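Let's have the full structure, built from the sequences with the hints guiding it.
There are 2 protein chains.
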Amino acid sequence: MENNIYDNDKFFDGYIKLRKDEGRNYNDLLEQPAMSRLLPNMQGRRVLDVGCGFGENCRQFSHDGASYIVGVDISKNMLALAEKNTDDPLIRYYNYDMMDIEKVGEKFDLIYSSLAVHYIENFAELMRKIGNMTYEDGELLLSMEHPVSTASRGQKVDYLTDKNGNEFAYKLSNYMKPGIRKDEWFVSDVVIYHRPMGVIINDIICAGFRITSVIEPMPTSEAIEILPALKKEIIRPSFLIIKAVKILEE
Amino acid sequence: MENNIYDNDKFFDGYIKLRKDEGRNYNDLLEQPAMSRLLPNMQGRRVLDVGCGFGENCRQFSHDGASYIVGVDISKNMLALAEKNTDDPLIRYYNYDMMDIEKVGEKFDLIYSSLAVHYIENFAELMRKIGNMTYEDGELLLSMEHPVSTASRGQKVDYLTDKNGNEFAYKLSNYMKPGIRKDEWFVSDVVIYHRPMGVIINDIICAGFRITSVIEPMPTSEAIEILPALKKEIIRPSFLIIKAVKILEE
Chain A
1 MENNIYDNDK
11 FFDGYIKLRK
21 DEGRNYNDLL
31 EQPAMSRLLP
41 NMQGRRVLDV
51 GCGFGENCRQ
61 FSHDGASYIV
71 GVDISKNMLA
81 LAEKNTDDPL
91 IRYYNYDMMD
101 IEKVGEKFDL
111 IYSSLAVHYI
121 ENFAELMRKI
131 GNMTYEDGEL
141 LLSMEHPVST
151 ASRGQKVDYL
161 TDKNGNEFAY
171 KLSNYMKPGI
181 RKDEWFVSDV
191 VIYHRPMGVI
201 INDIICAGFR
211 ITSVIEPMPT
221 SEAIEILPAL
231 KKEIIRPSFL
241 IIKAVKILEE
Chain B
1 MENNIYDNDK
11 FFDGYIKLRK
21 DEGRNYNDLL
31 EQPAMSRLLP
41 NMQGRRVLDV
51 GCGFGENCRQ
61 FSHDGASYIV
71 GVDISKNMLA
81 LAEKNTDDPL
91 IRYYNYDMMD
101 IEKVGEKFDL
111 IYSSLAVHYI
121 ENFAELMRKI
131 GNMTYEDGEL
141 LLSMEHPVST
151 ASRGQKVDYL
161 TDKNGNEFAY
171 KLSNYMKPGI
181 RKDEWFVSDV
191 VIYHRPMGVI
201 INDIICAGFR
211 ITSVIEPMPT
221 SEAIEILPAL
231 KKEIIRPSFL
241 IIKAVKILEE
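Chains A and B, in that order, are what the protein sequence lines are.
Take the first sequence: its letter number 174 is residue 174 in this note's numbering, and every next letter is one higher.
Take the second sequence: its letter number 199 is residue 199 in this note's numbering, and every next letter is one higher.
Since the hints were derived computationally from the structure, they do not count as laboratory data.
Note that the coordinates shown come from a computational prediction; the quantities given were computed from them, not determined experimentally.
Check the hints yourself; a few may be wrong.
No copy labels: a pair is met if it fits in one copy or bridges any two.
To be verified - List time: in silico BS3-like cross-link candidates among lysine-lysine, alpha-carbon distance up to 25 angstroms:
1) LYS171 to LYS20
2) LYS84 to LYS20
3) LYS182 to LYS17
4) LYS76 to LYS20
5) LYS232 to LYS182
6) LYS76 to LYS231
7) LYS20 to LYS10
8) LYS163 to LYS177
9) LYS231 to LYS177
10) LYS182 to LYS10
11) LYS20 to LYS232
Now the structure itself:
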């Protein structure tokens, strides 16, 4: 089952405030620009957005020419906001746990998921379900927290600083130990799941996909000026983006 | 050009001593068992071993039924040992820089390379050359030092210890900064090249391969008993192994 932290009101308020500070957060400065560059031509595509949140990507896909868009999210809070901000007959939202994604009961040309899959424990099973819902030659575009970041999640002090207080190294631990990680993010004990890189990639391959790109996005110098914390991305990346194409099982 | 540290006599002596302590080093306990599990059936295969060292894998491939084996190494020291220990008409050794691999002038069913590619600066170019030398549906099996290990290479203190002196975290730095790393290994200033995971994988894909497996090998409990330092592999892996198959360019 998916972790539904977005229906915790304190978390939700904090998250909405963060995302409303448009252009000044990790999503807008780092993850979303990299995801956009990897999007295929949307014209006429049937798109499934797994963990669609408040629907901003669904609306963008419609604007870019997609013919049909389904957004799925476990959070009623997020979907209420999505419905409120969407007036588009091409977009349909479903309030499902990601692990029940097969309830959508359709196939798609593009499966898109932004920063959602680290909330689920059984990644291999989710990939199998997603594989079954992707047409041959259909594409998968996933972003998630990077394994070198999730590995040590919950450590009291993440970065080591030099004499001048500048961060120069990250305390990496338990990288090869998959499983639950708890940390504070707006509220205490937000649960995510860590998996080493090899596990993530092999699970996608085993679900019938051919990996076409693995991106560890880096900030532009403009982005670092807006959000100086982004300069730490050179020490270790926050995000991992994987693009893949569905192939026939051999 | 490839870094030819193996023709430094002091380095060579140290390395040979390490590898002669059979069954008690990282190669024999961690990297080689994982590589062996990924080897395809060798029967009738034409195999190229890139950075073949003293030829132990070439001899094994012949024993396992390969029809023709070429071993390439930049080190005259290593190849002298390889020639001395090989009496096999199916095996041919060439003293080439890895970056001149195309001088072999033939195509192969399997390109194998064990812990060699981190010595070359231009990985993308090496992969292109290797791609050109691999038959369609031919396979690539590569091991290298893991990016989370090479990233911080040359740091004075790698691991952080707790009150009881147990290592619990690794100081990861400069992960997203590709390029030269220098460290002491038998001699000072041994040069290797670091590349983030995404760069490694994308370079292999761009050379016309489909990734079929990404392995970050973990030691068995028996291996940890023999070499206790291996328990640190749970903090961060030493090796990265990638298997891929050549596909037609689209």
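We went through each hint and held it up to the structure:
For a Cα distance limit of 25 angstroms, the shortest separation of LYS171 from LYS20 qualifies neither inside one copy, at 31 angstroms, nor across copies, at 34 angstroms. Taking identical chains as interchangeable, the C-alpha atoms of LYS84 and LYS20 lie at most 25 angstroms apart only when both belong to the same chain, with a minimum of 16 angstroms there against 70 angstroms between chains. For the homomeric pair LYS182 and LYS17, the shortest alpha-carbon distance inside one copy (22 angstroms) is at most 25 angstroms, but the shortest distance between copies (45 angstroms) is not. When the C-alpha separation of LYS76 and LYS20 is checked against a cutoff of 25 angstroms, the pair qualifies only within one copy, where the shortest distance is 19 angstroms, while the shortest distance between copies is 63 angstroms.
Taking the closest pair of Cα atoms, LYS232 and LYS182 come within 25 angstroms of each other both inside a single copy (22 angstroms) and across two copies (22 angstroms). For the homomeric pair LYS76 and LYS231, neither the shortest alpha-carbon distance inside one copy (35 angstroms) nor that between copies (44 angstroms) is at most 25 angstroms. With identical chains, the CA atoms of LYS20 and LYS10 are at most 25 angstroms apart within one copy only, with a shortest distance of 15 angstroms there and 61 angstroms across copies. Proximity of LYS163 and LYS177 under a CA criterion of 25 angstroms is satisfied inter-copy only: 22 angstroms between copies versus 32 angstroms inside one chain copy.
Taking the shortest Cα distances, LYS231 and LYS177 sit within 25 angstroms of each other only across copies (12 angstroms), while inside one copy they are farther apart (27 angstroms). Taking the closest pair of Cα atoms, LYS182 and LYS10 come within 25 angstroms of each other only inside a single copy of the chain (17 angstroms); across copies the shortest separation is 48 angstroms, beyond that limit. Taking CA atoms no more than 25 angstroms apart as the test, LYS20 paired with LYS232 passes inside one copy only; the shortest distance there is 23 angstroms, against 42 angstroms between copies.
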